[in-house]
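Participant: Protein chains in written order, with my numbering: chain A, 85 to 737; chain B, 1201 to 1525.
Treat the hints loosely; a few may be bogus.
Said to hold, decoys possible - Pairs of lysine-lysine residues, derived as DSSO-like cross-links and limited to a Cα-Cα distance of at most 30 Å, are as follows: (1) B:Lys1383 <-> A:Lys540; (2) B:Lys1519 <-> A:Lys294; (3) B:Lys1459 <-> B:Lys1409.
In short, the hints are calculated from the structure, not lab data.
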Amino acid sequence: MSSKTVNELNWMIGGAQGSGVDLSASAFARSCVLAGLWVYGTREYYSNIKGLHSYFEIRTSGRQIRSKVEGVDLLATFDAETLVRHADAVTPGGGIIYDPALSQTPIEKVDTLYKDEIKQIQGRLAQQGLGSDANAILEEAKRRGVKLFAVPFSSLIQEIAKRLETSELTKVNRTVNVLAVSVSLALLGLDRRFMDESVHQAFSASRKQKLVDMNLAAVERAYGYAKEKFGEGGLEVGLVPIQSGPRMFVVGNQAVALGKMAGGCRLQTYYPITPASDESEFLEAHENFALKEGATKDGKGSVVVVQTEDEIAAITMAVGGALAGARAATSTSGPGFSLMTEGMGWAGMNEVPVVITLYSRGGPSTGMPTRTEQGDLKFALNASHGESPRIVVCSGDMEECFYDAFRAMNYAERYQLPVIHLVDKGLANSNMTILPPDPSMIDIERGKLILDGGAKDGEYRRFAHSEDGISPRAVLGLSGYRFWNTGDEHDELGHINENPENRIRMMKKRMTKLETADREIPESEKVSFYPAKGHPDVTLVSWGSSKGAILEGMALLEARGIKAEFLQIRLASPFPAQAVRERISRGGLVIDIEQNYTAQMAAVIAEKTQIGIRNKIVKFNGRPISRDEIYESVRQVVSKPEANERVVLTHGA
Amino acid sequence: MALKLADVRTDLHNDWCSGCGDFGIEASLQMALTEMSVDIHRVVIFSGIGCHGKIAHWTNTFGIHTLHGRTLPFAQGAKLANPGLEVIAIGGDGDGYGIGAGHFVHSGRRNLDMTYIVHDNGVYGLTKGQASPTQRLGEQTKSLPQPNINSAVNPIMLALAAGYTFIARSYAFDNRHLKETIKRAVAHRGMALVDVLQPCPTYNDIETKAFYSGEDRPDPATHRPAPRCYDIEKSGYNPLITKEMTPEDVDKKTLEVIKISNEWGDRIPIGVFYQNGNVPTYEDRIMGRIPTYLEQPPAKQVIQLQDRKSAADLPRLWKELTIGS
Chain A
85 MSSKTVNELN WMIGGAQGSG VDLSASAFAR SCVLAGLWVY GTREYYSNIK GLHSYFEIRT
145 SGRQIRSKVE GVDLLATFDA ETLVRHADAV TPGGGIIYDP ALSQTPIEKV DTLYKDEIKQ
205 IQGRLAQQGL GSDANAILEE AKRRGVKLFA VPFSSLIQEI AKRLETSELT KVNRTVNVLA
265 VSVSLALLGL DRRFMDESVH QAFSASRKQK LVDMNLAAVE RAYGYAKEKF GEGGLEVGLV
325 PIQSGPRMFV VGNQAVALGK MAGGCRLQTY YPITPASDES EFLEAHENFA LKEGATKDGK
385 GSVVVVQTED EIAAITMAVG GALAGARAAT STSGPGFSLM TEGMGWAGMN EVPVVITLYS
445 RGGPSTGMPT RTEQGDLKFA LNASHGESPR IVVCSGDMEE CFYDAFRAMN YAERYQLPVI
505 HLVDKGLANS NMTILPPDPS MIDIERGKLI LDGGAKDGEY RRFAHSEDGI SPRAVLGLSG
565 YRFWNTGDEH DELGHINENP ENRIRMMKKR MTKLETADRE IPESEKVSFY PAKGHPDVTL
625 VSWGSSKGAI LEGMALLEAR GIKAEFLQIR LASPFPAQAV RERISRGGLV IDIEQNYTAQ
685 MAAVIAEKTQ IGIRNKIVKF NGRPISRDEI YESVRQVVSK PEANERVVLT HGA
Chain B
1201 MALKLADVRT DLHNDWCSGC GDFGIEASLQ MALTEMSVDI HRVVIFSGIG CHGKIAHWTN
1261 TFGIHTLHGR TLPFAQGAKL ANPGLEVIAI GGDGDGYGIG AGHFVHSGRR NLDMTYIVHD
1321 NGVYGLTKGQ ASPTQRLGEQ TKSLPQPNIN SAVNPIMLAL AAGYTFIARS YAFDNRHLKE
1381 TIKRAVAHRG MALVDVLQPC PTYNDIETKA FYSGEDRPDP ATHRPAPRCY DIEKSGYNPL
1441 ITKEMTPEDV DKKTLEVIKI SNEWGDRIPI GVFYQNGNVP TYEDRIMGRI PTYLEQPPAK
1501 QVIQLQDRKS AADLPRLWKE LTIGS
């Protein structure tokens, strides 16, 4: 017992998509959070509705965690595919829960495996003199010191059905998820009441008492079975409840949605696309919300969410709403953003405040719709023809998703331009416990918005020149402030004008706004710097969802005597050239870390600072970067920088 | 205060070709604006890309000259954000029935309370005369190297299928009819289409002003040209769908719309083909979900408190996302 690692483990569950695996994962995570623990969960799935394999990893800890790790301490399976795919990820001393009825399954019969994957696995087993079925996989794990826990799910399900006196076996069959989670928690030594509560919370929304009862019966049976058969279980990891305050358990999409609501977004348009739509659906589900006391008489707020016919309509409708004075946003992923570029250019030309949340996924083309990638940075920076200003914000974690979504609404109105909020799938679909963010940290800043009338028709010039490039902005319908807009080059009134002198002034006006933004936005919103303890051996430069893995990897590196500092770039446009230059021009080893093929941020840094970063660590297999990959790869580069100019990370199933 | 035509016109130089049907549409629209009892400060004209697009600049209201084919989503966004606006979207036939056809269809499905006027001349004027979606199969207007290889779309039938609740056609140089039709379209509660036939004196040498006025076919009795356009409502046709009508009655009317809208050649129907005020508007449908929508639409909401902090009471909202206490 004394050698047990308490409250620091990685649990995995897998199964066919649509079979309730997502529910099991959230039940496990919720139980941990109820026990006062912190969690970080990732979700990997195929672009498919039912049948293809999906899996979840839930990492839990007694302290706040923010990244994925390598190695699984306990793998819960109830189908052959999960066992075959993931058994080799379980660390020695860890455990596998499996259904003995499936152990004879030949690997080639798992028909949702790609043919090349079957060959890889069979080859691996043959090298060890093992057969070619699920048993061989179990034997392989056992030889490595993994403990095996046989759970005959179908007989447990029959027992439950008998106890509940129900003949609806198909419904009881669904409790397999809860059984697997409960056996896991029992093996980890977590008191049953947390799982009971978790089940209550998960199923009470359905208002079906039968469903709650059935699953509670499953929890009870699973805990009982685990105790009878496995006793203490003998795992080297365990869970113990701790004291803690309230925590939010959020998915990245939700953090963005909440940030938008706090930031005053009242019109959101979207066209369905993975992995962006969840955000809009969350907003729609919460379209009516309360306002603080004193805001209005009735205290009622709302956001109108419109599902459009395509992304062209999504962006142009949001722009139309913004012209009328609403804080408006849209949300999409790479393919949809490709369609939005013309509308975005129009917004740039007409100085319309609009926010585009761009959830980056594996590209190009359809690419890997459900997998993560940071391949859209340069696209966001250069999207749309011609040259038009835009602000590009890159979030690195859930808290930043919230605050950046809020600030994006502010930037858009203050500088009267499109703001692209870049979030990658690795954040969008991951869930994590955080301290509830505090919206009062940020003021709502509407910039030069004209709120009251009073002008006489003919006096107002929408695009009046000013030193900072920003003109007083009226909205449609405001008496006395008639204006015109056009995608053509225009004069101060907004009428078409191709006079070369006017062109020069107008181009300068629009682009000057970026200089103004660069001057006004505080450095704390442009970059985050995490110093090393002592003189740094290496400076890590990155952006987006790599943040969590880097911060946790740094701690591991430090334990091994490598002092790393980390510069996180949060604003990609206007680019904080000065701040970045200062950090990377001191002559020490610098490594650029990104989840794309070409190291796009390094290229942007070179363009903006004239400093080339020689060493790069990249990952583009669609799977998120892990803490351990950072640790290993940075160590590799630090040990021999000249031999490791480009390291490609490959982990992930 | 009654508005004069000069009040709703800007003093910019109008660069349309002389004799263009656009002038007739512009004049009718502006006359309609002076005659309607609408607060001119609430009127917003949206236009697309093509010759028609400049109408937003020639008219002295809020004028938003958008992108090719995207007039409707821009206009709907503004209307959704502030339903108090009087939104008139204007497009061209290439713009609205070609590149923007998707938006045309989906605007019908939503049925927002707004108006869509389409300049329909059978050609892409501004790019020098290519065939537009309303040019008929086998026609060869002036600048086509070969006869048109595509069939024409029927905007009336397309609008009907898409769910427009007011569907009309008029003719650019029949000022009185066009002006009255625009006024009726604006007054209609729901999504209204006014398809306006117009000559393009530069590129369409088939459907010319002379063609529409029937100069090639004098009346045998008077020897004067017999115009091709005839007003269906003056010929006894009633476009109204009423609450009292049975589904069979509605089907019958629908078939009639299809039949009349297919007429072309010597007799070209104009007038209101279809009007149904009983379909809930998109605004009504939002009200069903957000009861405060019309009083506090997105553009009118209070988003910040006196101290500039967010007005949204989020802690109350995120209770459901919070675990522990």
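Participant: Would you pick out the hints that fail for this structure and give their numbers low to high?
Facilitator: none
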